[in-house]
Amino acid sequence: MNSYEDLLKRGKEKLPELSASAERFVIPNVRGHIEGNKTIISNFLQIAQHIGRKPEHVLKFVLKELATPGEIKKQFVVFGTKVPASRINEKIQKYFETFVSCKECGKPDTKMTKEGDVYFLKCSACGARYSVYAKN
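Letter by letter, the sequence shown follows residues 1 to 136 in my numbering.
Quick caveat, the hints were computed from the structure, so don't treat them as lab data.
Beta carbons are placed, not taken as given, at the ideal position from N, Cα and C, and that holds for glycine.
Keep in mind that a hint or two might mislead.
[Unchecked claim] Restraint-style ranges between C-beta atoms, simulated for each label pair:
{"hint": "1", "residue 1": "14", "residue 2": "111", "range": "31 to 37 Å"}
{"hint": "2", "residue 1": "120", "residue 2": "49", "range": "17 to 23 Å"}
{"hint": "3", "residue 1": "109", "residue 2": "65", "range": "31 to 37 Å"}
{"hint": "4", "residue 1": "34", "residue 2": "12", "range": "54 to 60 Å"}
{"hint": "5", "residue 1": "129", "residue 2": "9", "range": "18 to 24 Å"}
{"hint": "6", "residue 1": "7", "residue 2": "118", "range": "47 to 53 Å"}
{"hint": "7", "residue 1": "38", "residue 2": "129", "range": "36 to 42 Å"}
{"hint": "8", "residue 1": "35", "residue 2": "67", "range": "16 to 22 Å"}
{"hint": "9", "residue 1": "29", "residue 2": "3", "range": "51 to 57 Å"}
{"hint": "10", "residue 1": "103", "residue 2": "64", "range": "18 to 24 Å"}
{"hint": "11", "residue 1": "98", "residue 2": "29", "range": "40 to 46 Å"}
{"hint": "12", "residue 1": "67", "residue 2": "103", "range": "22 to 28 Å"}
{"hint": "13", "residue 1": "11", "residue 2": "86", "range": "46 to 52 Å"}
[What the hints assert, rightly or not] Cross-link-like lysine-lysine pairs, in silico, DSBU-like; alpha carbons within 35 Å at most:
{"hint": "14", "residue 1": "111", "residue 2": "73"}
{"hint": "15", "residue 1": "122", "residue 2": "14"}
{"hint": "16", "residue 1": "14", "residue 2": "60"}
{"hint": "17", "residue 1": "60", "residue 2": "12"}
{"hint": "18", "residue 1": "9", "residue 2": "107"}
{"hint": "19", "residue 1": "107", "residue 2": "12"}
{"hint": "20", "residue 1": "64", "residue 2": "114"}
{"hint": "21", "residue 1": "94", "residue 2": "107"}
{"hint": "22", "residue 1": "38", "residue 2": "114"}
{"hint": "23", "residue 1": "54", "residue 2": "111"}
{"hint": "24", "residue 1": "14", "residue 2": "74"}
{"hint": "25", "residue 1": "64", "residue 2": "91"}
{"hint": "26", "residue 1": "64", "residue 2": "14"}
{"hint": "27", "residue 1": "74", "residue 2": "54"}
{"hint": "28", "residue 1": "114", "residue 2": "103"}
{"hint": "29", "residue 1": "114", "residue 2": "54"}
{"hint": "30", "residue 1": "91", "residue 2": "38"}
{"hint": "31", "residue 1": "73", "residue 2": "60"}
{"hint": "32", "residue 1": "94", "residue 2": "122"}
{"hint": "33", "residue 1": "73", "residue 2": "54"}
{"hint": "34", "residue 1": "91", "residue 2": "74"}
{"hint": "35", "residue 1": "107", "residue 2": "74"}
{"hint": "36", "residue 1": "54", "residue 2": "64"}
Hey, can you work out the whole structure from these sequences and the hints?
Right, here's the structure in full:
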């Protein structure tokens, strides 16, 4: 009969190797161009889909953060002013940290629901559920 330590050692040997690369959820950078006084982003809808949120909600947050007008036109997002891509990326990252990433485990596996005026995040990975403050 095997001792506990022998069984434990054998069990550890059968475990798969832990990969050294901590795979991080990567948000794609915005692609677009400036046309006159407007900034046109061509992949905003894909970014919203990638992070699992409605494009209208993401855009509302980004527009408020940038203090600029804008709208969704077909598959593009048009900002009413010239906005550097780096600033748009920063605001999308801030949105991700506020409305997507779980505050308990840090994973992006969350679902957002709205109850009254309050948004709630429920994490599929760790089961955490908490409200998120939205200045909408």
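Going through the earlier hints one by one, which of them does the structure break, listed in rising order? 3, 5, 11, 16, 17, 24, 26
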